[in-house]
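Visitor: First to last, the protein sequences are chains Z and P. First residue of the first sequence: 44, per my numbering; consecutive thereafter. First residue of the second sequence: 44, per my numbering; consecutive thereafter.
Please note that the accuracy of each hint is not assured.
Just so you know, same-sequence chains aren't split out, so a pair can sit in one copy or run between any two.
To be verified - Below, in silico cross-link-like pairs of lysine to aspartate or glutamate (EDC-like), each with a Cα-Cα straight-line distance of 16 Å or less:
1. Lys617 x Glu340
2. Lys150 x Glu562
3. Lys150 x Glu534
4. Lys306 x Glu288
5. Lys139 x Glu96
6. Lys70 x Glu157
7. Lys541 x Glu61
Everything labelled a hint here was simulated from the structure, so no lab data went into it.
There are 2 protein chains.
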Amino acid sequence: MLRTHTCGELRPENINEEVRLSGWVQKIRDKGALIWIDLRDRYGITQLLFKEEDTKPELLNKVRSLGREYVISATGTVIERESKNPNIPTGDIEIKVTGLDILNPSKVPPFTIEDNTDGGEELRMKFRYLDLRRKPLRTNLELRHRMAIEVRNYLDQQQFFEIETPYLIKSTPEGARDFVVPSRMNEGEFYALPQSPQTFKQLLMVAGYDRYYQIVRCFRDEDLRADRQPEFTQIDCEMAFVTQEDVLKTFEGLTTHLFKNIKGVKVDVFPQMSFDEAMKKYGSDKPDLRFGMEFVELNNVAQGKGFNVFNSAELVVGICVPGCAEYSRKQLDALTDFVRKPQIGAKGLVYVKCNPDGTFKSSVDKFYSQDDLNGWAEKAGANAGDLLLVLSGDANTSRKQLAELRLEMGNTLGLCDSNVFKPLWVVDFPLLEWNEESARFHAMHHPFTSPKKEDMSLLKSDPAKVRANAYDLVINGVEVGGGSIRIHNKELQKQMFKVLGFTDEEARAQFGFLMNAFEYGAPPHGGIALGFDRLVALFGGHDSIRDFIAFPKNNAGRDVMIDSPSPISEEQLKELNLSVDIEDAKEL
Amino acid sequence: MLRTHTCGELRPENINEEVRLSGWVQKIRDKGALIWIDLRDRYGITQLLFKEEDTKPELLNKVRSLGREYVISATGTVIERESKNPNIPTGDIEIKVTGLDILNPSKVPPFTIEDNTDGGEELRMKFRYLDLRRKPLRTNLELRHRMAIEVRNYLDQQQFFEIETPYLIKSTPEGARDFVVPSRMNEGEFYALPQSPQTFKQLLMVAGYDRYYQIVRCFRDEDLRADRQPEFTQIDCEMAFVTQEDVLKTFEGLTTHLFKNIKGVKVDVFPQMSFDEAMKKYGSDKPDLRFGMEFVELNNVAQGKGFNVFNSAELVVGICVPGCAEYSRKQLDALTDFVRKPQIGAKGLVYVKCNPDGTFKSSVDKFYSQDDLNGWAEKAGANAGDLLLVLSGDANTSRKQLAELRLEMGNTLGLCDSNVFKPLWVVDFPLLEWNEESARFHAMHHPFTSPKKEDMSLLKSDPAKVRANAYDLVINGVEVGGGSIRIHNKELQKQMFKVLGFTDEEARAQFGFLMNAFEYGAPPHGGIALGFDRLVALFGGHDSIRDFIAFPKNNAGRDVMIDSPSPISEEQLKELNLSVDIEDAKEL
Chain Z
44 MLRTHTCGEL
54 RPENINEEVR
64 LSGWVQKIRD
74 KGALIWIDLR
84 DRYGITQLLF
94 KEEDTKPELL
104 NKVRSLGREY
114 VISATGTVIE
124 RESKNPNIPT
134 GDIEIKVTGL
144 DILNPSKVPP
154 FTIEDNTDGG
164 EELRMKFRYL
174 DLRRKPLRTN
184 LELRHRMAIE
194 VRNYLDQQQF
204 FEIETPYLIK
214 STPEGARDFV
224 VPSRMNEGEF
234 YALPQSPQTF
244 KQLLMVAGYD
254 RYYQIVRCFR
264 DEDLRADRQP
274 EFTQIDCEMA
284 FVTQEDVLKT
294 FEGLTTHLFK
304 NIKGVKVDVF
314 PQMSFDEAMK
324 KYGSDKPDLR
334 FGMEFVELNN
344 VAQGKGFNVF
354 NSAELVVGIC
364 VPGCAEYSRK
374 QLDALTDFVR
384 KPQIGAKGLV
394 YVKCNPDGTF
404 KSSVDKFYSQ
414 DDLNGWAEKA
424 GANAGDLLLV
434 LSGDANTSRK
444 QLAELRLEMG
454 NTLGLCDSNV
464 FKPLWVVDFP
474 LLEWNEESAR
484 FHAMHHPFTS
494 PKKEDMSLLK
504 SDPAKVRANA
514 YDLVINGVEV
524 GGGSIRIHNK
534 ELQKQMFKVL
544 GFTDEEARAQ
554 FGFLMNAFEY
564 GAPPHGGIAL
574 GFDRLVALFG
584 GHDSIRDFIA
594 FPKNNAGRDV
604 MIDSPSPISE
614 EQLKELNLSV
624 DIEDAKEL
Chain P
44 MLRTHTCGEL
54 RPENINEEVR
64 LSGWVQKIRD
74 KGALIWIDLR
84 DRYGITQLLF
94 KEEDTKPELL
104 NKVRSLGREY
114 VISATGTVIE
124 RESKNPNIPT
134 GDIEIKVTGL
144 DILNPSKVPP
154 FTIEDNTDGG
164 EELRMKFRYL
174 DLRRKPLRTN
184 LELRHRMAIE
194 VRNYLDQQQF
204 FEIETPYLIK
214 STPEGARDFV
224 VPSRMNEGEF
234 YALPQSPQTF
244 KQLLMVAGYD
254 RYYQIVRCFR
264 DEDLRADRQP
274 EFTQIDCEMA
284 FVTQEDVLKT
294 FEGLTTHLFK
304 NIKGVKVDVF
314 PQMSFDEAMK
324 KYGSDKPDLR
334 FGMEFVELNN
344 VAQGKGFNVF
354 NSAELVVGIC
364 VPGCAEYSRK
374 QLDALTDFVR
384 KPQIGAKGLV
394 YVKCNPDGTF
404 KSSVDKFYSQ
414 DDLNGWAEKA
424 GANAGDLLLV
434 LSGDANTSRK
444 QLAELRLEMG
454 NTLGLCDSNV
464 FKPLWVVDFP
474 LLEWNEESAR
484 FHAMHHPFTS
494 PKKEDMSLLK
504 SDPAKVRANA
514 YDLVINGVEV
524 GGGSIRIHNK
534 ELQKQMFKVL
544 GFTDEEARAQ
554 FGFLMNAFEY
564 GAPPHGGIAL
574 GFDRLVALFG
584 GHDSIRDFIA
594 FPKNNAGRDV
604 MIDSPSPISE
614 EQLKELNLSV
624 DIEDAKEL
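Chain Z extracted, bound-state conformation (with noise of 0.2 Å):
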């Protein structure tokens, strides 16, 4: 090794050893008499001394060329430090230099590494090799590395074997758009990139494996949005011989386990909530649990008085916000401004404020008595102090723009304190959604998904009322995850192919394979599967997953950093029997 010690490692115990270190030079200051240098490596900072006095020319010399960012690697002795630093774990000592290698020089970096760098976003992406030496990525990327681990362990513990599944696969229209891989071998034919193992790890339980879990790579073609990559990380686990309740133990036990190990926090309460009652709540499937705002049913109450964009809204609804009657003008346009933004679309957002002397203060007192407003109130549990803030409309639309609000102010109210983790599990959604555009209906987890019992009988004559046995993780309004207990009957699954608009020709030519598997023993078995870079984002404290990935693409699917993608040769093409057919091109 071109060192004896990394730079996170002497301590006073090591004092008057002879040692190596290497690292990238991170700072110099240089005082004439004394220079110093804060060397730099993954595992921390050692400051290196040079005296003037009694150092050879030759080596001043060679120390004043340095530049940030060289890589340097120093010989010395280890000696107590003048003045110690507390903040590093090496603060007490310092190397006395009498021997430095220059191992490699560099440019002035395009922006500083340290923590809060002055580049911008595109420039970092370009450089990532020198964005990822600042400490806050390097933090990020261990965390991952760290909950993998704890991850392996865990499932390793409950008997689930890791087991590879393939990434050239089959192309198949149901989902989002594949990433599809043209093979040379089998002539106008193509491989699809897998968006999960969904297949492959259902066969593994008719197969027996009663246990599999992986860490995999999965694709999706999809235009891209800030926190989403064509190709992201999940931790894709089945089980066989299960129930629902069966897979939710086991994966509220995985994440205590990360929760315990790698947070050092105890979080396990798992409250269960019902997609409708998730919806009718929260006006979302994936609420935030760090704070309450629920939602208040106000038409019995506001219906009724004159005020007739109450009296024809399907549904009116509001939240108690906590302690903001003394809310401004301002601050009460600014949130009317809010929900109006086209994002949201409200058209107009009404506010009772619940005055500390027990009066009441809205925007709708011409048609409402303090009597009336009273009655909001009550209905709602406000208290003397807090506001109500009401939306009207269509039942839907109106709790999707309230569920937008709702985390608005418990941002504003800082409710949604990332060390506090609150998980919940999200069932019962229903079996399929209609889709418009298609005008037919859609798997709305995927189309192996087994719907409940006690709703069979719906699936023909009223499946938008069919319930799953399907299930999501949230912790903190972020879906980490989800799964399903599967069909294993290969007649129910022919069922919901054609409830799903696929012809019988359809399904065989695309799962058929899956199909025929079901009739030589298929295991009743469910499974789940977390998005890994968002579970690290989430443990990292940030709602962007970029960070937490060692090279992400660009919103445009580009890897700026290695100009990919990118063309290839007239010759990689006719081995492959394909040209590209694009207007510009053909023009030239």
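Starting from the known structure of chain Z, fit chain P onto it as the hints suggest.
Guide: Same frame as chain Z, but now just chain P:
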């Protein structure tokens, strides 16, 4: 859970407990008054018992309706078995069944689910989920799971970070053929699937991550052999601030750890042999050291005696096969046929029997006296009773031919015990090899491998002579992996690309990001990649990797189970701006 215990769990101490087991019907024996069923799951087999006299007719009927591979769930009492089966851990008990659920019936499987099945290769590939139920495959995949865990345990202890690198990267013409992935969002452009994360792991070193590993899928679009797959898994590692010796020691540690924890054997001698020595002594850069038969060069003693075949040969080279002097004419003819096979291509084989009485009998007696042959025997260290086998011709060719013969003799003589493990580092590989077809040098390892300092001056004058800081780990004649100390200097990397025939523009277009990175403080670094499929197969005592992969592809790169690759829709092609050009298709 649809069970209280697994089928591998119950012991005499559970006698009288009420239990529920679920699994697959392995075997039914119906003796009229008594029916036994072997119930199987991943964990083992438990015997179920039904006594006709005290079983309800309804239940008996159900039992008699069962067939092989039905999935059932049985409740009953654990009782002591009358005739115990010492071959299975549950052999002391059985279950007196009182309740039975058929969870799923099964058609008769197309082949038997036994250790030695009657199913052919193609059929088993098509019904892979049934083949995977067989114990040999389950054992292989469990071995793979356990090895992955131990690899991670060791590397984590050694401070390696597991860091995921992207799968959608950039196509480069160097090396094998890439699989490419058309980008919809970037018209006419393609990603490539990684042949290895080589450049990314080097960038992680530049980023200061110090020690990286990943168990990662890699892809090569090559024509397939029995032991090659288009996608394969690699234990991929990189370390900064290391010398070659540091890398070797670290991965000797990993190998020793695996042998100890997986096989329970102590393997800690890792000899090093130069490429030149390996070629001279064994005619191979991956010699099997489980047995001797080192090559002996006989030019001195065999040339100049009137035998023109030898006189005109660049090399006369032989092996001494111990104890085979009694080989019959037929056996010797078979060996001659072996070396004459087109894949080996020798013209003939010369033998010398060292008879027990001290005389010699050879196929070239008319050219050589007993004294001459005694000279050969002495040179070869042959004792009475041994057999000398000798080839001649062009040096490289004869060595390769003799290497095949040596392996054949090792196998024939039972010297290749799959429970004996003999690792070896082959070092000092040539940096470059001349490629006749492209009439230029190719990198023997890859273009990022550093030349040995002492050979650097030859890089311009005699590139073929330059040795690399490259090494292969060979165990029992299997190349388990290889690596190198990398170039970390931009100028040297540029020079290397030049030697490999890249123009500056080509080098910049393809690897500009890496050469740029070298300008911002790249540390000295090196690494290794081990073939995980091959390593697991080696530990499992098999040559072929296919049965150590859950869902392998066949020799045409097809997954015959899911029938992939397959055509994709016109709509998909259009979205990707692609069209398929196949002669046959055009004629339709």
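Visitor: If a hint holds in the structure, say so; if it doesn't, say that too.
Guide: Status of the hints after comparison with the structure:
1. Lys617 x Glu340: neither (64 Å within a copy, 49 Å between copies)
2. Lys150 x Glu562: between (65 Å within a copy, 6 Å between copies)
3. Lys150 x Glu534: Close across copies (14 Å), not inside one copy (67 Å); limit 16 Å.
4. Lys306 x Glu288: neither (26 Å within a copy, 38 Å between copies)
5. Lys139 x Glu96: Cα proximity of Lys139 and Glu96: one copy only (12 Å, versus 91 Å across).
6. Lys70 x Glu157: The answer is within: 11 Å in one copy meets 16 Å, while 67 Å across copies does not.
7. Lys541 x Glu61: Cα proximity of Lys541 and Glu61: none, with 76 Å in one copy and 42 Å across.
Of the numbered hints given earlier, the model fails hints 1, 4, 7; all others are met.
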